[in-house]
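The residues making up each chain are set out below.
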Amino acid sequence: MSNCGTRNSIIHGWTSPRLTRSLAGDGSGKACGIFREKSAVIPAFRRSESARAGDLVEAVTYSDDDDDENQGLEFPGGRVTFTPQMKFIAESTDNRVPCYRVLDNNGCPIPGSTFDQVDKETAVKMYRKMVTLQIMDTIFYEAQRQGRLSFYLTSTGEEAINIATAAALTPDDILFTQYREPGILLWRGFTLEEFANQCFGTKDGHGKGRQMPIHYGSKEHNFFTVSSPIATQLPQAAGAAYSLKMANKEACVVAFTGDGGTSEGDFHAGLNFAAVMEAPVMFICRNNGWAISTPISDQFRSDGVVVKGQAYGIRSIRVDGNDTLAVYSAVRAAREMVITEQKPMLVEFLTYRVGHHSTSDDSTKYRSSNEIEQWKTGRSPISRFRKWVERNGWWSDEEETELRKDARKQVLNAIQVADKTEKPSLEDLFTDVYDSPPSNLVEQEKSLRETIKRHHQDFPSDVPI
Amino acid sequence: MAAMLQSFGVSSASVAFSDHSAKLSVRSLPVIRSEARSISCPTNGTRCTRKITTKAVAVENPASAASKPGHELLLFEALREGLEEEMERDPRVCVMGEDVGHYGGSYKVTKGLADKYGDLRVLDTPIAENSFTGMAIGAAMTGLRPIIEGMNMGFLLLAFNQISDNCGMLHYTSGGQFTIPTVIRGPGGVGRQLGAEHSQRLESYFQSIPGIQMVACSTPYNAKGLMKAAIRSENPVVLFEHVLLYNLKERIPDEEYVLSLEEAEMVRPGEHVTILTYSRMRYHVMQAAKTLVNKGFDPEVIDIRSLKPFDLYTIGNSVKKTHRVVIVEECMRTGGIGASLTAAINENFHDYLDAPIVCLSSQDVPTPYAGTLEEWTVVQPAQIVAAVEQLCQ
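Residue numbers (the numbering used here), protein chains in the order written: chain A, 374 to 838; chain B, 13 to 405.
Pulled out of the complex, with its shape left as it was, chain B reads as follows (with noise of 0.2 Å):
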């Protein structure tokens, strides 16, 4: 893979991404892409060449080049999945979070796995975030690999100290001494009618703090390789998971795979613009790219799922080609994902622009409570394909 040199930002020949053969969906790419970037691998930080699946399109079957038929289940499953496989894996790794022991979550990610691993290791804490999660950080000091739920993501605004001060911080002032191998998961973004409260989109407000990842997982198939990937980093890790999506169904692959913590995934490629996303609104994009498809347009969809550090790689070769970008998020307008990933990709590809990148969020109003003002909150297919219309005039 040598053509893989160049690091995004420097104009050079570009590096056409050849994904048109789209069914090429599960490749052995070596994990490192270019000089001037290292994705560490997963398992041992170096180099690997095997198990990590790149540039994972959700297509009808992801597990083709997959010897077995792979098995059908939901988002909170393939999480849980992923979550058993590796506390199997590792005695380390332990779970804390309110109810999570034998209620099994709210959502059910962690249902029967105190039965399986006992109450120590499936802890179910008093409700305090900025306890558990403290407990967590001072656990992950001392060998152990936590993951902590908050019951709602929104909850964990409580805990933002010790994400912010001490999860995101301690590895560094203590002189890279104490590492802290946490991950940080739990459903967030607008349900339905949850209230303001319940439907916070807390990656806004801690894509500032240094020293975290954050990712968004939306499919069966990449919850189960994320949370994989983020129980292996040594970094601290947030997951984003997002309270509508946990009943997808989906087929993946029976063997064991580990996916990117840092790359973003290619929903579908196209010519005329390309439409980055994640989480719940790339069911709101697909489904407008429908329509767009109808009317004699070729999307290019991109899940971007790595919400800390963008996969500008992916994302420049896609601006590369399109020159029109079109951001559809569920962050509101001011702060959030799509205001950073705005300005990232105005300052590394400004170039190769034809037109202002379009960012669609929501407005800057905390979430209503009833179902027709909250359905406005949220981005609709209608307003994306509206938009993508006027971009491509």
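Bound conformation, chain A alone (with noise of 0.2 Å):
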């Protein structure tokens, strides 16, 4: 059915006189096979009745011309005009999206940058934490390294990322985190116990042991609990979101990924999903150059991660994740438009892994130590922002030492009394499967139990039974 100007417009050339004139066969040789043939009666006909399908159509008067069909046309999803030429869209663009940076190397505010002013207070937090964090990171680093935990992942070179996220969120808003992101607990008042006692598997951690270490999760401080496949939480936030919509709540879902993250499917379908659905969901991707050994160049060959959000309809920025005050002011930004347009957003942290992957990883196996070191000391996000603070009169020297000095005791402490909390009881095996243990599951904890009291001398003493 063909769409239906007012009375003095034509459309598509249903009534175009020289249509007519080309289907009466003038010889100009324009037949246009798709339409049909008609007596050249059909124009008037057609006008009066086509008058009641206007309101679907903006009133827009086209030339009395059938050129306007061949400039562009109704397709499902929207009009599109047409070009005779044959262009194909480049690949890649000659310049990269630009980054949003605010402050420079030596913690100056670039001339002209438009940030969100932080006060003092707020300032002087965020640096704390993040110093706070440099150094649960190298101390629960240094406790694998001795054997006293299995497995850790550090946040190093990405302390910005977590801290100022954080800051510029509200304890409503819901985390789906991958798991280079424990900055965001911490910011939140998950203690270094809390901490301590998740990575040792305590009966004490809110995981109940049965999480590996990194992979905290808090129900009370709106974080979901991390697991461990790559971007699964994604889809899953698209439908926190989708509750929340449906709550009509004045919060949003906060869902990271790393580079490596964006190739998997779950990234599209999650995206995808949240555009469609209209859902309050800003994606954070920390772009941070390598997925385990894998860098970029073998994981995508688009400019980075900020442009696909145009391929599904989601606004996106690019900001420099080491700078403290651009990542605050972006995600400030990206909030406020989530929550009152309802739609999702990306935006793309460029920063750089400073530590390895994991325990598990050497990554000077793959990449210099001279390129590591250039970001560790050269662009540490934790020295820019210090100069900032200092030139605020905010922050000395004494203080930097105490803070590092009591930030230190207290890890070190809470390590400790981890280390020599009791493990989770056995019956915590079966529990929390279902909502209630099931008839096998009670008959399997029995049989575990007899099989312990025969042989004690082979489990391990220190598990409760």
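For the record, the hints were derived by calculation from the structure and aren't laboratory data. Hints should not be assumed to be uniformly reliable.
[Unchecked claim] Calculated from the model, a selection of chain A residues having no Cβ within reach of chain B, i.e. all distances over 12 Å: (1) Pro-471; (2) Gly-582; (3) Gln-584; (4) Ser-675; (5) Arg-822.
[Stated by the list, open to error] Derived DSS-like pairs (lysine-lysine); straight-line CA-CA distance at most 30 Å: (6) A/Lys-498 - A/Lys-778; (7) B/Lys-333 - B/Lys-302; (8) A/Lys-716 - A/Lys-622; (9) B/Lys-128 - A/Lys-622; (10) B/Lys-120 - A/Lys-618; (11) B/Lys-128 - A/Lys-618; (12) A/Lys-819 - B/Lys-332; (13) B/Lys-123 - A/Lys-716; (14) B/Lys-333 - A/Lys-819; (15) B/Lys-302 - B/Lys-261; (16) A/Lys-498 - A/Lys-819; (17) B/Lys-302 - A/Lys-618; (18) A/Lys-716 - B/Lys-128; (19) A/Lys-819 - A/Lys-793.
Here the structure is a predicted model, which is why all the values come from computation and not from measurement. Beta carbons: idealized from backbone N, C-alpha and C, even for Gly.
Both chains are sitting in their own frames, so use the hints and assemble them into the complex.
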């Protein structure tokens, strides 16, 4: 059925005089095959009948010319204009998408930059948390190396992303993280003891000793339990956003992934779903250059991750992930848009993974130590932010020394205590598989207890029964 | 009901299941039937004594004890009725899947619901099973009770990671902080020439996943009851429907009822042999049963309904009575429900068996398209009759 315009306008050439001429065979040789043969009487008839469909279409008057349908067409999905030139869209542009940055390497605000002014209290809190995160990472990593922990992974080099993002959100915002974002929990009040309890798998840990280290989860902090497979949290985040949308809450979901995670099928599907559903979720990609040993060039060939947003109809931005104030401002602005417009957003933080992927990795095997060192000391987000905070007169060397000493002491203490804390009891092996243990699990627990009783010398003595 | 105190697997004075009064179909039994196992009440997780219909017998009139005459409907309508009642009862219940909205679902189970509850509560998703399953998990963890429809169960293989690692595990790995009360449902099984990819028996693949429950419906009555129970459960439940059973007609009660997710259904009590089956094969078994009765046999037919966990209580009582077991399933021979059930029965009731368990399954082949070939991969009544005859010699 053709779209119809106002009485005086003609669309799609149904009623074009030129067309009827050609149908009637004026020898112009431009019979348009898609139009059925009708007599020349049709135009007047169609016009009056078409008026009632007028509300379906914008009140645009087209020229009294059959070129308009040659110019564009309402395909499923919307109107497109035609072009006679066969032109391919280039796979990349000459200039990459620029990166939003506010502080230069010396921590001075770049002239002309726009950013959210941060007050002293927030700035100092952010700085303190960044340092604490760094120290926590260092000491826990050491603990693994000493054999006290089975596994750990650090967020070294990405402290600004961790803390500034957390600072820009509210406690009601829901987090679905990958695994390199414990700073968000740190900001929200998760204690060092709680971190240690989870890593050591003690009975006091939130996960009751069931997940491996780093896979934190805390309902009270609106931080969903980390799951190892990459990017599976992205569709879940879309679902949680759907839930928020139904509840009409003034909060959003924030979902993290790394550069490697954008290759997963769930990345595509999660973003696509969120866009179609208009779900209030902010997708954050920590593009830190490496997915274990896979560099960016082996991960994708697009201009990073920011350009993928447009493919899904999602607004996106590229930010210097090592610039605390840029991260803070961008997340705040994005959050505002996500909630008021109820649409997803994609934020790409460019950064560098200073540490190894995890304690199971030695990254010097696939990248130069010079490169690592350059980012570690020359481009540290912590030093850069420190310079800005100090320049404002909000921080001093004495406070630095004291903070580092205190944090170190607290972390060491937390580790020592957790190391000695009891592990979860045998019962916790079987609970929470279902809401209540079904008969087969009750049976299996009984059987296990009997075996342990009979051969107690073969079982660890420090696991409470 | 003090008599029901023994747990299965413990040899004891057997509690003879007094179901020869086959007409006693609707009972208000306490849900807890043994010390060793508690069946949580679908509504609030505690013991409840009303409205739970155990041992629903699918003979002519399951509503016989009810005061009202009941109403007739088809199986897909029964599913819809159950779904609608739950959506009405609890605003957190929502549906997501491909074409479930205004299209009403490919088997019309969600027909009319989008008009009634809106596009958000009955959500049409893009085509990505792993995604909408993941989405449902995220929504469930934040307080909703989503029901995911796989257009065909086979497509849910694309969602295996989300079902296994997230649906099944997150309650456990989060230390019990997050619950995932989702229902995953859809048509599966061998249809009429639907081709290999549309004829999957996913219960085989999913049965090992800890943390989920699996049930299979086979009649309009149990379809509605299981749908409601699955929605009310706090655990993730996979509800297996069968492509060929959607148009079964039955009269079901007018008043509300919810079935238990962990119980088997006594279809036909008997003495000579226990035939265990579920879903579509129930009908092949009943057809074979007719022939067997004519030949003088008295088979006991149990629709196991609960695929994970097995209702070993009912099954055990039957084995203790008949001492012979035939399992009839649509799964493939290797790694199917029948394989697990055989192991479970052997382990628990070995002393009561007079003969090895016979398991009739499909061959380990992809389901062919050609009609005759397809028929040969599905267990037919004649095979069941032959197996029983041989077993009862």
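Hint-by-hint comparison with the structure:
1. Every CB of chain B lies more than 12 Å from the CB of A/Pro-471, the least distance being 31 Å, so the non-interface label holds.
2. Annotated as non-interface, A/Gly-582 brings its C-beta within 12 Å of a C-beta of chain B; the closest such distance is 8 Å.
3. Chain B draws A/Gln-584 into its interface by the beta-carbon criterion, the shortest separation being 4 Å against a cut-off of 12 Å.
4. The non-interface label for A/Ser-675 is consistent with chain B: the shortest C-beta to C-beta separation is roughly 20 Å, beyond 12 Å.
5. The Cβ of A/Arg-822 sits about 14 Å from the closest Cβ of chain B, beyond the 12 Å cut-off, so the non-interface label holds.
6. Under the criterion of a C-alpha separation no larger than 30 Å, the hint pairing A/Lys-498 with A/Lys-778 is consistent with the structure, at around 17 Å.
7. A hinted pair counts as satisfied when its Cα atoms are at most 30 Å apart, and B/Lys-333 with B/Lys-302 qualifies at roughly 21 Å.
8. Taken as a hint, the A/Lys-716 and A/Lys-622 pair is honoured in the structure, with Cα atoms around 14 Å apart against an allowance of 30 Å.
9. Between B/Lys-128 and A/Lys-622, the direct Cα distance comes to roughly 23 Å. Compliance with the 30 Å bound is thereby established for this hinted pair.
10. Taking the CA atoms of B/Lys-120 and A/Lys-618, the gap is about 27 Å. The hint holds against a cut of 30 Å.
11. For the proposed pair B/Lys-128 and A/Lys-618, the alpha carbon gap of about 19 Å is at most 30 Å, so the pair holds.
12. A distance of roughly 24 Å separates the Cα atoms of A/Lys-819 and B/Lys-332; the hinted pair therefore holds under the 30 Å criterion.
13. Straight-line distance between C-alpha atoms of B/Lys-123 and A/Lys-716 comes to about 29 Å, which keeps the hinted pair within the 30 Å bound.
14. Of the pairs offered as hints, the one joining B/Lys-333 and A/Lys-819 holds, with about 27 Å between alpha carbons and a cut-off of 30 Å not exceeded.
15. Annotation: proposed proximity of B/Lys-302 to B/Lys-261 holds, straight-line Cα distance about 20 Å (limit 30 Å).
16. Under the criterion of a C-alpha separation no larger than 30 Å, the hint pairing A/Lys-498 with A/Lys-819 is inconsistent with the structure, at around 50 Å.
17. For the hint linking B/Lys-302 to A/Lys-618, the alpha-carbon distance of about 55 Å lies beyond 30 Å, and the restraint is violated.
18. Pair hint A/Lys-716 plus B/Lys-128 holds up; C-alpha atoms about 25 Å apart against a cutoff of 30 Å.
19. Distance hint between A/Lys-819 and A/Lys-793 is fulfilled; the C-alpha atoms sit about 28 Å from each other, no more than 30 Å.
Hint compliance for this structure: hints 2, 3, 16, 17 are broken, all remaining hints hold.
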